[in-house]
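Undergrad: Model the full assembly from the supplied sequences, consistent with the hints where possible.
Using the working numbering, you'd call the opening residue of the sequence shown number 1128 and step up by one each time.
These are computed hints drawn from the structure, not numbers from a lab.
Keep in mind the model is a prediction, meaning the values are calculated, not measured.
Glycine is no exception: its CB is placed at the ideal position from the N, C-alpha and C atoms.
Wrong hints could be hidden among the right ones.
Stated by the list, open to error - Straight-line Cα separation of at most 20 Å, PhoX-like style, residue types lysine-lysine; simulated pairs: (1) K1237 to K1221; (2) K1225 to K1238; (3) K1139 to K1162; (4) K1225 to K1215; (5) K1174 to K1139.
Stated by the list, open to error - So the derived label-pair ranges between C-beta atoms look like this: (6) R1255 to I1235: 33 to 39 Å; (7) D1246 to Y1195: 22 to 28 Å; (8) A1228 to K1198: 28 to 34 Å; (9) V1156 to Q1203: 56 to 62 Å; (10) F1189 to K1165: 31 to 37 Å; (11) R1213 to K1238: 33 to 39 Å.
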Amino acid sequence: SSGINAEYGVEKEVPLTLDIGSLAAFDIVPLDSSKLSKGKATDAYLKELTRDNTQLLFNAIFALPTEYVDKVKCVQLPAPTTHLPREKPIPKPKVPTKWEAFAKSKGINKKKRGRMIYDEATKEYKPRFGYQSSANDKDQNWVVE
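TA: Okay, here's the thing in structure tokens:
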């Protein structure tokens, strides 16, 4: 059914349907069920089909016009011809909550307070709260002579 000659040409009885834009090849020929039930022969049969179909896809890609971009040989792929469906529908935009609508109408922007603040006494940035914060420094100088 398929043979490979010296020029990597593959001959198929029924030609593949190629979508070069999506880099896909579709083989409509049914699989030989007698070759699928023989263990290692199944793997060899499937590898042979895959190799032949991939070779036909690559032959079609290499037949496209090429150009050099930054010393690299490139090919411009055509637009895809196969429409691939989405698994789920496109999500609808979320309806804003009452607060979001109010805030937008009044021009209120959500501002996040930074963790670090500048301490004028020590002239460096310190955490707003917690370990080594500027609030803890006030407790260090509890004795004044």
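Undergrad: Indicate, hint by hint, whether the structure satisfies it.
TA: To see whether the hints hold, each was checked on the structure:
With a C-alpha separation of about 18 Å, the suggested pair K1237 and K1221 falls inside the 20 Å cut-off, and the hint holds. Note on K1225 and K1238: the hinted pairing holds, with a Cα-Cα distance of about 19 Å set against a maximum of 20 Å. Proposed proximity of K1139 and K1162 is supported: the alpha carbons are some 18 Å apart, at most 20 Å. Taking the CA atoms of K1225 and K1215, the gap is about 28 Å. The hint is violated against a cut of 20 Å.
Restraint check for K1174 and K1139: the C-alpha separation of about 15 Å stays at or below 20 Å, so the hint holds. Taken as a hint, the range 33 to 39 Å is violated for the pair R1255 and I1235, whose Cβ atoms sit roughly 22 Å apart. Range check, D1246 to Y1195: about 60 Å between beta-carbon atoms, so the 22 to 28 Å window is missed. Restraint check, A1228 to K1198: a C-beta distance of roughly 56 Å breaks the suggested window 28 to 34 Å.
Between V1156 and Q1203 the beta carbon distance is about 30 Å. The supplied range of 56 to 62 Å is therefore violated. The supplied range of 31 to 37 Å is met by F1189 and K1165, whose beta-carbon atoms lie about 34 Å from each other. For the pair R1213 and K1238, the beta carbons lie near 37 Å from each other, so the given range of 33 to 39 Å is met.
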